[in-house]
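K.L.:
Protein chains in written order, with our numbering: chain Z, 1 to 322; chain S, 1 to 322.
Hints were generated in silico from the structure; no laboratory data involved. It is possible that some hints are incorrect.
Since the list can't tell identical chains apart, any single copy or any two copies may satisfy a pair.
Unchecked claim - DSBU-like, lysine-lysine: derived pairs with alpha carbons at most 35 Å apart:
| no. | residue 1 | residue 2 |
| --- | --- | --- |
| 1 | Lys88 | Lys208 |
| 2 | Lys193 | Lys48 |
| 3 | Lys46 | Lys208 |
| 4 | Lys88 | Lys69 |
2 protein chains.
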Amino acid sequence: MRALVLSSAEAPLSVQEFPDPVPREGEVVVDLAAGALNYRDVWITKGKYPGIHFPVVPGSDGAGWLNGKPVLLNPSLQWGDNPAAQGKSYHILGLPTTGTFAERIAIPAENVFDIPAHLTMEQAAAIPLGGLTAYRALFSRANLQPGERVLISGIGGGVALFVFQFARAAGAEVYVTSSSAEKIARAVDMGAKGGANYREEGWSGRLKAEAGGFDVIIDSAAGPGFPDLMSLLLPAGRIVLYGGTRGPIPNLNPQQLFWRQLNILGSTMGHSGEFADMIAFIDRHRIEPAVDSVFPLTNGQAAFDRMANGLQFGKIVLQIDN
Amino acid sequence: MRALVLSSAEAPLSVQEFPDPVPREGEVVVDLAAGALNYRDVWITKGKYPGIHFPVVPGSDGAGWLNGKPVLLNPSLQWGDNPAAQGKSYHILGLPTTGTFAERIAIPAENVFDIPAHLTMEQAAAIPLGGLTAYRALFSRANLQPGERVLISGIGGGVALFVFQFARAAGAEVYVTSSSAEKIARAVDMGAKGGANYREEGWSGRLKAEAGGFDVIIDSAAGPGFPDLMSLLLPAGRIVLYGGTRGPIPNLNPQQLFWRQLNILGSTMGHSGEFADMIAFIDRHRIEPAVDSVFPLTNGQAAFDRMANGLQFGKIVLQIDN
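In isolation and in its complexed conformation, chain Z is listed as follows (with noise of 0.2 Å):
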């Protein structure tokens, strides 16, 4: 088959023939239409992954055909049995195994869902590890109830974009930050009620002044700038943490936590009914995921170029010709 290859950390990424995939017990093989990009694929290519080796296929989310049916899949392998945490066997689609960038994968049958009739192929390729990591930072997490005031830090990636999505559809308020203004005004366009741009001096205090503070906050930079997040919490307030783009937390004031009784919540990817409550979720909201951009499988390099330099607002999806 044809796959988009990372050949080692120094080459760009190529199509290239690679084995056709064996399906193992249990394993179905899909045909691939379309796969969207993550931040984690961006670190394979950079040689950053624990576990890696080359020649290597990257790509958690793709959606395409199984027997004639539009389907796409849940990238989260063997979760195990307790809902709190993933268990020790558990790892993600794209690596160490092979990936979505190709034109078929093989991958267990009880990972592979129906797409929403309202979605397009390209659509549903964007929804799987974004949807899946959003959904349980806001619901599983957060335990997000309707009338909630939610903040979204970092609009413009495909996880808080989900996010964003899920909150309004479930009836929350909306505010974003953003260091783009742009971003900002999409998201406001979309329906959030306010936005701040956390570049600027005092933009916390701003944002507390018109906005109140909030039941719920959903963040993946942590750094410097997370203080200021936790001052912007209502009391009881939870703060789901899905990343940390900005490094370590350098100061945590204890009293300003117990206090106000916040809640400070470590989330990651979802288990399989987690997969399957998202799906039913968009498919009941009629959601589109937010598409930034089209590229096809060939011009793989700039779609990876694209989300490394963070210009995106929503997914960036793999077009692959079957």
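On the provided structure of chain Z, position chain S as indicated by the hints.
P.N.:
For chain S alone, coordinates are given in the frame of chain Z:
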């Protein structure tokens, strides 16, 4: 009436005449027989509490008599309607209002509870603030389940010892930390499965090897040692913070937090439903609070000195001749 009075931040505490309490609507006057110290009282004597005025009678913990019945007092005043967090009117008995280290106190009738039959006045007086804080932290916040493994830092403190006794009564396996080998040994005598001295290099690795990690950690130190505690949590583990005696947390690792689905939960005091449940739990399990020592009210300064020096194992009680 006679009361233990702090005339200024510099003066030692002394028993003096103080105006008799005048009950407002909904309040009753309780004849106090015993009080108990909390760190809060020590901070008050340092003049460091916001809103302090002199002269002041400290004391949040008290037990005594109302209409011939032995009673103890819930020190949580005006929590509000939200069980998840106290409202803006919330305050703790003892400041700004007159505290329990006196012959009499005026308090809302709803804050007066019957003393379980197996307890002395001195034991009952040891319960309120510490028992309430421990109960909320361990059950409402950490949601402790039977058979779980619990680590309690700083054993010897009043709250820590209530957490210890409650966790054991609820069927947990309990480990402790302290900077004192003697306090660890006492906890093991009381049923702790093990303990570690957090002043010793490499303590957390050894404790992890011994115990295998913890479902729940209850801490009031925060500070530079917090990441060591985090590393001892099992996946999906909960760490409840109810104080910050060692200051800000300088370096929190977001990867550890999200990948391991961890929970950092702030907790302080508790509402009246939790107080009632806590007293019922103590009654049901025939728990006798750990009383470190009993001082007469006239020797109150010595009791405060003992607490300020961190020598105690359990609650320091004041006996009030009445």
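K.L.:
Next step is simple, just say for each hint if it's right about the structure.
P.N.:
Comparing the hints with the structure gives:
1. For the homomeric pair Lys88 and Lys208, the shortest alpha-carbon distance between copies (17 Å) is at most 35 Å, but the shortest distance inside one copy (41 Å) is not.
2. Taking the shortest alpha-carbon separations for Lys193 and Lys48, neither the intra-copy value of 38 Å nor the inter-copy value of 41 Å comes in at or below 35 Å.
3. Taking the closest pair of Cα atoms, Lys46 and Lys208 come within 35 Å of each other only across two copies (34 Å); inside a single copy the shortest separation is 38 Å, beyond that limit.
4. Within a single copy, Lys88 and Lys69 get their C-alpha atoms as close as 33 Å, which meets the 35 Å cut-off; across copies the closest is 57 Å, which misses it.
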